[in-house]
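A.B. asks: Given next are the chains, with one letter for each unit.
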Amino acid sequence: MTKIESTFFDIGYMDRLSTQETPIHRLDPRAKLLTTLIFIVVVVSFDKHEISGLVPFFVYPVVMIALGNLPLVYLLKKILLVAPFAFLIGIFNPLLDRELLIHLGPVGISGGWISFASIMIRFTLTVGATLILIASTGFNAVCMALEKIGGPRVFAIQLLFLYRYLFVLVDEAFRLVRARSLRSFGGRGMGIKAFGSLVGHLLLRTLDRAQRIHLAMLSRGFDGKIRLMRPSKMQIADICFILGWSTLFVLMRLYNIPQFIGKLVAGLVQ
Amino acid sequence: MSHHIIEVNNLQYTYPDGTRALRGVSFRIVHGASVAIVGANGAGKSTLLLHLNGYLNPTDGSVRIGDLPVTKKTLKYVRRTVGMVFQDPDDQLFMPTVYDDVAFGPLNLGLGPEDVDTRVMNALSIVAASHLKNRPPYKLSGGEKRSVSIASVLSMSPDILVMDEPTSDLDPKTRRELIELLKTFEHTKIIATHDLDMVLDLCERTIILHKGQITADGPTVEIFQNEALLAESRLEQPLRMQSCPVCCRST
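Protein chains in written order, with the working numbering: chain P, 1 to 270; chain V, 271 to 521.
For the record, the hints were derived by calculation from the structure and aren't laboratory data. Don't take each hint at face value.
[As the list claims (entries may be wrong)] Restraint-style ranges between C-beta atoms, simulated for each label pair:
#1 P:Leu76 to V:Tyr285: 22 to 30 Å
#2 V:His301 to P:Asp171: 40 to 48 Å
#3 V:Cys514 to P:Phe185: 22 to 30 Å
#4 V:Ser296 to P:Leu207: 57 to 65 Å
#5 V:Ser411 to P:Leu96: 54 to 62 Å
#6 P:Asp171 to V:Val300: 37 to 45 Å
#7 V:Gly288 to P:Leu76: 40 to 48 Å
#8 V:Tyr347 to P:Phe185: 56 to 64 Å
Think of the CB as a built atom: it goes at the ideal place given N, C-alpha and C, for glycine as much as any other residue.
Please model the complete structure; the sequences and the hints are all you need to start from.
C.D. replies: Written as structure tokens, this is what we have:
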């Protein structure tokens, strides 16, 4: 199996995770989606030099991972995979912002480094929360929830189809890549030239498939609206989940807990 | 409706690129009949099927389903009456779970949640796939996919079933089970296929298409005995009707 194949089959693992039976998995998808959204908004709303205020927010992923029986190492690996994006966004801050903000003994730390660290923490928190959402809910349920809470229908359905056909499309891509590598004898198989026509082929096949799927939808009475049957009701537990976490997030946003504890301890010592 | 008749009259179709796929096809299929449409690759089988549920509009000629001609106005009725099973189940199973997929048709018909549920479970139990209902379609085996795609059509309770190569890509045992299943259906059936052995089991009548025209239309057994006709249409006798290589080995 080539590397790209093994990476891809990992996606199926997220799906398997979402079929577990834990208190977190049993919650209504909408409750988890809303809580995740609030979490992300609150985390992002902090000042750019904030670090200590962000730390308490790790309580959310920690609790969710523990109660949802999710594999920590696997999620961390996934976060690491997308980390370069956040890294590139933040890496120039130390160069642009050289004003010293903190002195740790003889070492001064500039505002740039602090905001870089802040970006990385925020990134870990938000991406972590999103991964937890998907791993504990399942991608389809997330799309459905998105539509139910009033997100644009077209968008939700696009996502749904994207996810459904990702598997078929990637399968097709593998077959093309395999066919090429079997005839290129360890070399690069005509390099970029063959690659171009390979991608072109894939596009044409995709268009063909899209047409056939549309045909299949039409012959089953599709009229532009996707109707889904999912009798889901928000239970008291779901509402408590949203309210409980949101309250905590807002409190953690308003009061810097580590600073508070620090002052308390300092006061006691004196 | 008791008259699930299909009437195709001098049907002609030319693709936008100029390919003349159908050159005057006429036939009439009566209620409850089971008819095979056979022919070489590119003979026009798929094009013909696409006319039966109104996806393609005839360049000339007409198609009637039941008492109504297939036009834009009757499209909804036609698509509810004619259930179409596609050759590649991956084209047909587009919803995230098997249950959602089978429910897609009934929901579009505007049925209530309870009706939809009964229909879905009923359709799934007919094809013996109830246990698959929460699985995502892309993780099913080829045979399971085929069963589910048939269920997704049955749930709309169509009167006429149109199938494109239902036995392709199936292992022998699964193929046999599918044939046995199709035997139990009382729908009017139209099956486009290369699997002439299946035709022998399922269809009392066969239509041979060759280069967009009907070259033969009659009882299956009679047609399959006419080797010259089959050869002309780039077909061969079903294996079962050919002499057995073991028993007939020359000594």
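A.B. asks: Between Ser411 (chain V) and Leu96 (chain P), does the beta-carbon spacing fit 54 to 62 Å?
C.D. replies: With Cβ atoms ~57 Å apart, the hint holds.
A.B. asks: Is the distance from the Cβ of His301 (chain V) to the Cβ of Asp171 (chain P) consistent with 40 to 48 Å?
C.D. replies: holds, 41 Å
A.B. asks: If I claimed the Cβ atoms of Asp171 (chain P) and Val300 (chain V) lie 37 to 45 Å apart, would that claim hold in this structure?
C.D. replies: holds, 42 Å
A.B. asks: Looking only at beta-carbon atoms, does the pair Cys514 (chain V), Phe185 (chain P) fall within the given range of 22 to 30 Å?
C.D. replies: violated, 44 Å
A.B. asks: Confirm or reject the claim that Ser296 (chain V) and Leu207 (chain P) have a C-beta distance inside 57 to 65 Å.
C.D. replies: The hinted range 57 to 65 Å is violated for Ser296 (chain V) and Leu207 (chain P), with Cβ atoms some 34 Å apart.
A.B. asks: Taking 40 to 48 Å as the stated bounds, is the beta-carbon spacing between Gly288 (chain V) and Leu76 (chain P) within them?
C.D. replies: Violated, at about 59 Å.
A.B. asks: Can you tell me whether the CB distance of Leu76 (chain P) to Tyr285 (chain V) sits inside 22 to 30 Å?
C.D. replies: At roughly 54 Å between Cβ atoms, Tyr285 (chain V) and Leu76 (chain P) fall outside 22 to 30 Å, so the hint is violated.
A.B. asks: For the pair Tyr347 (chain V) and Phe185 (chain P), does the Cβ-Cβ distance stay inside 56 to 64 Å?
C.D. replies: Holds: the Cβ-Cβ distance is about 58 Å, inside 56 to 64 Å.
In this structure, the earlier hints numbered 1, 3, 4 and 7 are contradicted, and the remaining ones agree with it.
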